[in-house]
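A.B. asks: Residue-level listing of the chains:
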Amino acid sequence: MSSPVLTIARYHLRKNIWSRSFLSAVLGVPSLAAVTIGLILLLFSFIETPNIGVVDPGRILQVTTMQEPIFLENPNIIFLSDRSSALNALDSEVVDSVYILPADYPTDRSIELIYYIKPSLTVTKFFNDLMTINLLNAYPEEVIARFLTSPIIIIHSLQTNRVFSSLGPDLGSLLPALLGCLYIMAIYPVSEMLVGALGEERANRTMEIVLTSLKPTELITGKLIAAAGMVLSLLTIWSTMLGLAYVAVMMIWPQSQLTNIQVSLNDLLQIVLLMVTGMLFTSATLIFIGAVLQSEEEVKQVSGLTLMPFMLPIYLTPFLLGNQTSPFGIIMALLPFSSTTIIAIQSAFEAQSWWKILAAAGIQIASAGFFVWLGARAFRYGMLRYGKRIRLSELFQRQTQRKSRRV
Amino acid sequence: MNPVEIAHIAKKFGSTQAVSDVSFDVFPGEIFGLLGPNGAGKTTTIRILLDLFKPDTGSVSILGGPMSESKKSRIGYLPEERGLYQDAPLEECLLFFAALKGMSKKEAKIRLTEYLERFDLLEHRKKKVKELSKGMQQKAQVISTVLHHPELILIDEPFSGLDPINTQMVRDLFSDLRKGGSTIIMSTHQMHLVEELCDRLALIHRGRDVLYGSVSEIRRNYATGEVRLSLSGPLPELPGVALATPENGGFRLSLQPGIAPVDLLVTLANMRAPVEKFEIAMPSLDEIFIKIVGENPDTLEAV
Chain A
1 MSSPVLTIAR YHLRKNIWSR SFLSAVLGVP SLAAVTIGLI LLLFSFIETP NIGVVDPGRI
61 LQVTTMQEPI FLENPNIIFL SDRSSALNAL DSEVVDSVYI LPADYPTDRS IELIYYIKPS
121 LTVTKFFNDL MTINLLNAYP EEVIARFLTS PIIIIHSLQT NRVFSSLGPD LGSLLPALLG
181 CLYIMAIYPV SEMLVGALGE ERANRTMEIV LTSLKPTELI TGKLIAAAGM VLSLLTIWST
241 MLGLAYVAVM MIWPQSQLTN IQVSLNDLLQ IVLLMVTGML FTSATLIFIG AVLQSEEEVK
301 QVSGLTLMPF MLPIYLTPFL LGNQTSPFGI IMALLPFSST TIIAIQSAFE AQSWWKILAA
361 AGIQIASAGF FVWLGARAFR YGMLRYGKRI RLSELFQRQT QRKSRRV
Chain B
1 MNPVEIAHIA KKFGSTQAVS DVSFDVFPGE IFGLLGPNGA GKTTTIRILL DLFKPDTGSV
61 SILGGPMSES KKSRIGYLPE ERGLYQDAPL EECLLFFAAL KGMSKKEAKI RLTEYLERFD
121 LLEHRKKKVK ELSKGMQQKA QVISTVLHHP ELILIDEPFS GLDPINTQMV RDLFSDLRKG
181 GSTIIMSTHQ MHLVEELCDR LALIHRGRDV LYGSVSEIRR NYATGEVRLS LSGPLPELPG
241 VALATPENGG FRLSLQPGIA PVDLLVTLAN MRAPVEKFEI AMPSLDEIFI KIVGENPDTL
301 EAV
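These protein sequence lines are chains A and B, in that order.
Numbering-wise, the first sequence is residues 1 to 407 according to my numbering.
Numbering-wise, the second sequence is residues 1 to 303 according to my numbering.
A few of these clues could be false.
What the hints assert, rightly or not - Label pairs and their calculated CB-CB ranges:
id	chain 1	residue 1	chain 2	residue 2	range
1	A	L312	B	K106	56 to 62 Å
2	B	K291	A	E298	40 to 46 Å
3	B	G65	A	I365	33 to 39 Å
Unchecked claim - Pairs of lysine-lysine, PhoX-like flavour, derived with a Cα cap of 25 Å:
id	chain 1	residue 1	chain 2	residue 2
4	A	K15	B	K54
5	B	K277	A	K15
6	B	K109	B	K126
7	B	K277	B	K109
8	B	K128	A	K15
9	A	K15	B	K179
10	B	K106	B	K134
11	A	K15	B	K130
12	A	K15	B	K109
13	A	K215	B	K126
The set of hints was computed from the structure by calculation and includes no laboratory data.
None of the values given here were measured: they were computed from a predicted structure.
All C-beta atoms in this analysis are idealised placements derived from N, C-alpha and C, irrespective of residue type, glycine included.
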């Protein structure tokens, strides 16, 4: 790789990484996540712990404590002597609802529930679980636990080559999809910086000086490397933050579902490869657009539209996950605009074959190469024609003319 | 071989013929003026020279042949409008352009400090380019053009936005570069600076070179045989003078056909006239420019 390319890449990478825009991009996504989690916690803090009254003449409920769910407290149980004191407690709002058990509950099986406001599903589940624990009090803890939770079924899908749990997708297999989302979030600010730099270079004619020192393809390649570097920097910083957040969560809730995350190195490698090639393709496309269009405003408007296809996979998820081997699924996975995000999402539900990954990456690299080639011509023929837009057809035509008339 | 040889180049953009037929050579170590009214095709010619555009027809030889990547570091270019990164600190920006020209960081830093000092910009080196005045930015642009000591320098309106003191600084720099062996092609509208600095020039008008040669030769060719005369006393009756026009405290004398300035000088000597100044009234480049362009005032649309 020639030195001017690295000079361009180094300069733009350093210039952008130390800019305010990059800092706000770095902090933007984690801040948004922190605010969202904070709001959820705040919302939970406003939820009052419900008080439930229980009339239990048969003394069925010997055990009244249970493991508390994350963020919430179990309802308080207030034992009441009879139906009349239960109604008084309801009227005076000491309790929100009252469960009246018959003295011979094990044979009767009917429980009376009285309330002004219907108890939530959480309260209902809590009471049902409490009844189970107490009725099975004589059995070992493991047996009680099995009764309280349905069995965990491990599904081995021979069609998709994935192992699922009936509890839901494994968090480890969701990691590529998460990275895909981070990738989309990284593309936006980097694209904005890239396009902004192009607009500036066009406006103050820096481009004209730069192009007297190196080839347009070298300039574009340098910018491409810088853009890819910015995305990778963003992703590295975000991944580190995510890792730290994970460690923090594990320290606070050591028994949470996050304990045993199994990450497939194969899946991770596949998605990282597609993120790199996807970024090269995106940058090349935006640089080409920057070279063809004229005003800074025009470039910004069109670049926003250009990024729309990258969001498409998110809207198409339900159609793409049903049958990934359908022609629609395969085409979308191979389209350079959507392949990175599509495959990232598909990867959460189905192991991806390397031929598909390599084909998608190859198409992205070839498309990036095409846009670099076209962008270089656009720079040469379009960048210096201030105020006059160059059309795509004209670009190809000029190239032909130049060759035939070259002296 | 000359550093620049252009033969019959033409360039068309869409329906606009920016350059129709331009030819000139630039000799080693000279300052060459590229003149012309707005939209005449000067900038397009410079861009063709720099290989930013390919000519539709004609040939260009630069530093001994067609433009190549290795030659780019031997050329310095200053566009008409400043092309520095506005948000970058001055020193960082200039070092970046020096790196693109193949200079090592160490060498570029040493040389840049010298230039910044010479142009009174050293204390502003950490400032962002956009925080500098127009004149300072122009000086910075000049520095970025010459920092790598190019053999061939192409400068478009180098004195734009400069006050007389800074103009003098840049003029001195160009003179030094010429002494150092650099060849300079300068496009400007400031004719008095062309007269002062340039050895030869080409005047482009409506995409064609309409005037080409050494400055003194061109002025001589356009001389009308008039004489400027200042006397300490009144102007006597002078035989052979068709018209005497007062000018700057003296007179501008138009001679009758067949009368040479030397004949008038002999007459004045014989008359023992109190002559303070006697000179052949050479036309200024401004006058020649106006004469040529004024006769064909149509200009092309700017490209």
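A.B. asks: Looking at the structure, which of the earlier hints fail to hold?
C.D. replies: 1, 4, 5, 7, 9, 10, 13
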